[in-house]
Each structure stands twice: as C-alpha cells, then as structure tokens.
Amino acid sequence: MRLRYFAWLRQRVGVAAEEIDPPPDVRDVAGLIAHLRARSPRHAEAFGELAVVKVAVNQTHVGFDHPVAPGDEVAFFPPVTGG
Amino acid sequence: MRLRYFAWLRQRVGVAAEEIDPPPDVRDVAGLIAHLRARSPRHAEAFGELAVVKVAVNQTHVGFDHPVAPGDEVAFFPPVTGG
Amino acid sequence: MVVRVQETDFDPGAEIAAATAGREDVGAVASFVGLVRGEGGGRRIRAMTLEHYPGMTEQELERIEAEARGRWPLQAVTIVHRYGRMVPGDRIVLVVTASAHRQAAFDACAFLMDWLKTKAPFWKLEETDDGAAEWVAAKAADDAAADRWAVTR
Amino acid sequence: MVVRVQETDFDPGAEIAAATAGREDVGAVASFVGLVRGEGGGRRIRAMTLEHYPGMTEQELERIEAEARGRWPLQAVTIVHRYGRMVPGDRIVLVVTASAHRQAAFDACAFLMDWLKTKAPFWKLEETDDGAAEWVAAKAADDAAADRWAVTR
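Chains as they are written, first to last, in my numbering: chain Z, 33 to 115; chain G, 33 to 115; chain F, 168 to 320; chain H, 168 to 320.
Hints were generated in silico from the structure; no laboratory data involved.
Do not rely on the hints blindly, as some may be mistaken.
Said to hold, decoys possible - Only pairs whose alpha carbons sit at most 25 angstroms apart, straight line, appear in this in silico DMTMM-like list of lysine to aspartate or glutamate: (1) F:Lys-306 / F:Glu-206; (2) H:Lys-286 / H:Glu-174; (3) H:Lys-286 / Z:Asp-53; (4) F:Lys-306 / H:Glu-174; (5) F:Lys-306 / G:Glu-81; (6) F:Lys-286 / F:Glu-191; (7) G:Lys-86 / F:Asp-257.
Claimed, not checked - Which stretches of chain F does chain H cover? Using the computed rule of at least three CB atoms under 8 angstroms from a CB of chain H, they are: (8) 239-249; (9) 272-279; (10) 286-295.
Stated by the list, open to error - In silico negatives: residues of chain F with every beta carbon more than 10 angstroms from chain H: (11) Asp-178; (12) Glu-234; (13) Pro-255; (14) Arg-269.
Backbone N, C-alpha and C define an ideal beta-carbon position, used for all residues, glycine too.
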C-alpha cells in the first residue's frame, strides 16, 4: 500500500510518500489511521487533529469508513486551499 | 436647436443631424415631435411608431415630457442594441 | 480607470496586464470579450455595423464605470467598445475588472456587460448573406439581465 | 478543451484568443485570472508556494471541466493552474469560458473558479516578511461560494 502526504501532513510525518504493508485487520481508512498513529510519534502528531485531515483512495476523495486494500494509493492532506 | 438622429431614425429622416428653429409653442419633446411630424413626410414616417423612439436632451436620456429650449441638442434613436 | 470608444480592434491580454501592472493588491481579474457571431435569429450574418452617439456614449460609459466602482471595491476597470463595421469572429467589446477578491471582480464585470448590452447608446445593423441589412431590435432577455442590478438610470 | 497544471507562467491573451480562434459561433468569452496578493490576513506576504497532488489534480480538473460543459452550452473551456513558488503580482490560475451568450460564459467561469478555490487539491504555504512560512487554512467564505452551485462531489 502506497501512502502519500501533502502540505503540513507531509511535514509532520516527515516524508512525502511511504510504502507500508498493514496487518490484515486494517480494512478501512479509520483502521489505517489507527495503525499509522502507533507507527511513530511523528505519525501520531500528524494524525492528532482528524477534523482537518482529508483522505483520497486511488486519487478519489473518500470518507474515513472507505475500505483500503493492498495495492491502494492512500493520500492524506489538509482541507484544500487552492488558487 | 440641434437635432440628431441615429440608426433607422436617421435613415428614415434622411439626415444625421439638422438645425431647426421651432416655434415658441414647442416647449417639450412631445411638442417637438408633433412639430417635426408636420415638417415632412419622411419625418412623419420616422416618428410613426413612438413606442420605439427614445430621446436624449443634451446627451441625457429623458421622457417625452422633458422641456426643450433653443440651443438644446435633442437626439432621437431606437432602443439601444449595443455590444 | 480606462474607458475607450474606438473603431480599431483591441488586445485583451494587454488590457488585462495593464489593469494589474505594478500592483500587489489585486487578487482577481475578471474579463469579458464580446464577439460578432456568424449567426443570429436563425440567419447567417455576413457583417454588422455598430453606430453610436459620439460624446454621449463616452459620458454614459464613464458614468456606469463610476457606478461600478461605487458598488464594488475595484482596483481597476477597463471598458473598450468598438463601433463601425465588423465581421464574424471580430471582437466588439471588452470589460476588465480587478479587485482583491473574485466575487467583486465577477459581479462588477457582469454588471457592466449587462449595462453595456442594454443601456449604452449603440445600435446594431446586421447584414445577412442575401445582402439585406436590418437594424436589430432590443431583446427583452437583455433588459431582464440589466434589471437584476436595479440600475434606474 | 484545455486543462493544464504547470509550474511556468501562462499568457491570458493567448489563451483567450486560442479559445475562439477560427470560430464564428462564440459571442462571449469570460475569463478570470487569479494573482498572488502582497497582503493576507493583515500580514505582508513575501511569497507563496502551491503544492498539489500530481495525477489527482489533473483528473479532478478534467472532471469539473466536464461538469461545467454539462451544465452550460460552452464552445471552449480553458483551465490553467500553476504550482510551485510565486511572488506577489504573479499569476496563479486562469479560467476561460466561451459560449454563444454572455450569461453561460460568466456563470461557467464563476462556477469553475469557486470549485478551484475550494475543491481542487492544492495547498498554499505563505511566507511572511519575518521569514515565517505557514500553511493557509481553508476559508468558510470560499466553501459557501462553492456550495451555491450544489456540487456534491
């Protein structure tokens, strides 16, 4: 599973992307976030304020209840502030 | 008094502008139009459909009850269709 | 603030650039270009000629430009309107509005165009392919668009 | 139909001309240019950097462009959005919409800009004069503008 981070989420996690192989009980975005929080203090800090974390699975905006599977590209980012 | 005509009013009257010296009982636009209608068959035809005749006195849109005086520039034209 | 009534063509890119040149307080530039269409009311249009009322036109354009600046916080307004004979594809009119934020720029630009289409002293003579030339009648839809803004003059 | 996400600047005049080149059925071209302002939230802005999500951004821009074409009769739509570091006065984004009539061109242009400001995957990092760099938080006013159009995705 490929993870991508943007804006301050990227800065807090400390990398723009990483490949992970989550345990089989990680079935949706919420489960993935719980898994990531336990991964490192930086991840825990990045995912500290979930109200301002958005997610896209395979480049489509989804909710935290959306399923995730091996091979997915999962991106985390703040609310957009474009243009 | 200087009269100016635009668009099909100009074509019907046959001139773009003319200087006239109306009799003293011509006190407003309506009176001026009545005077012009009697001036020539072309004027009579031009002022045949008053619903589609607009008027400006000294380059300001006015109604038919607006006063006119010697020295005024009075313009007649159809509803605008610009741009 | 630029208001011009001219027979020659204009350059939208140059006018847009001029509206913001040397400024750092403009976040939004809205613009509109009106062009001659090759078709109108189901007929082929070969050309059109715009007649205007020299003197009054410029005065009215300056008045409505001031009205737009009174209604919205605008850093720049440009109105260029052509007269004379034009063929399909030719540019007729340009409005550029610059503001800190996009809503003011968009609204002012639409306001000015609605006004130009319905109140500016221009008259359009259309030449169709069969050689006929006809003065265009005013459109009720355009009047309704201008009436949105409750401009009473 | 043109959708581009690029680091380099663009030329609004050239894009407007390209949207109507060789056509006689376009009567109205609305356009919008967004620029970097030198001031934001009461602070001097020295520069800003736009980060985006390559791949997703283009896909989303193409989707909203198709949505605009489904809502309004448009002969041309151009969206150019820059990313990277820009300074006050720099152009950020361009939207051009061409239609037979002005209302469709204006509405589609405003719709696309509202969407770009609120839904396109771009993030803005502002550098202030004291050397601080801060990620800009999303604005409620922008969300309200986009919600006017009842775009649910």
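Given hint Glu-81 of chain G paired with Lys-306 of chain F - CA-CA distance at most 25 angstroms: With a Cα-Cα distance of about 18 angstroms, the restraint between Lys-306 of chain F and Glu-81 of chain G holds, given a limit of 25 angstroms.
What's the verdict on Lys-306 of chain F and Glu-206 of chain F, does the C-alpha distance respect the 25 angstroms limit or exceed it? With Cα atoms ~16 angstroms apart, Lys-306 of chain F and Glu-206 of chain F stay inside 25 angstroms; holds.
Does Arg-269 of chain F sit more than 10 angstroms from chain H, CB to CB? Label violated. Min Cβ-Cβ 6 angstroms, cutoff 10 angstroms.
Quick check: the region 286-295 of chain F, covered by chain H? Criterion 3+ residues, Cβ under 8 angstroms. Per the Cβ count (0), the hint is violated.
Given as non-interface: Pro-255 of chain F, which should sit over 10 angstroms from chain H by C-beta: Violated, because the least Cβ-Cβ distance between Pro-255 of chain F and chain H comes to about 4 angstroms, which does not exceed 10 angstroms.
Next pair to validate is Lys-286 of chain H with Glu-174 of chain H; report whether the Cα-Cα distance is within 25 angstroms. holds (20 angstroms)
Since Glu-234 of chain F was said not to touch the interface, does its Cβ keep a gap of more than 10 angstroms from each Cβ of chain H? holds (19 angstroms)
Quick one, are Lys-286 of chain H and Asp-53 of chain Z close enough, alpha carbons at most 25 angstroms? The hint is violated at about 30 angstroms.
Beyond 10 angstroms from every chain H Cβ: check whether that's true for Asp-178 of chain F. The assertion about Asp-178 of chain F is violated, with a minimum of 6 angstroms to chain H.
Test coverage of the region 239-249 of chain F by chain H using CB-CB distances below 8 angstroms; three residues minimum. violated (count 0)
With the threshold set at 25 angstroms, check whether the alpha-carbon distance from Lys-286 of chain F to Glu-191 of chain F stays at or below it. violated (34 angstroms)
Please verify whether Lys-86 of chain G and Asp-257 of chain F have alpha carbons no more than 25 angstroms apart. The hint is violated at about 29 angstroms.
Violated hints, listed in ascending order, are 3, 4, 6, 7, 8, 10, 11, 13, 14; each of the other numbered hints is respected by the structure.
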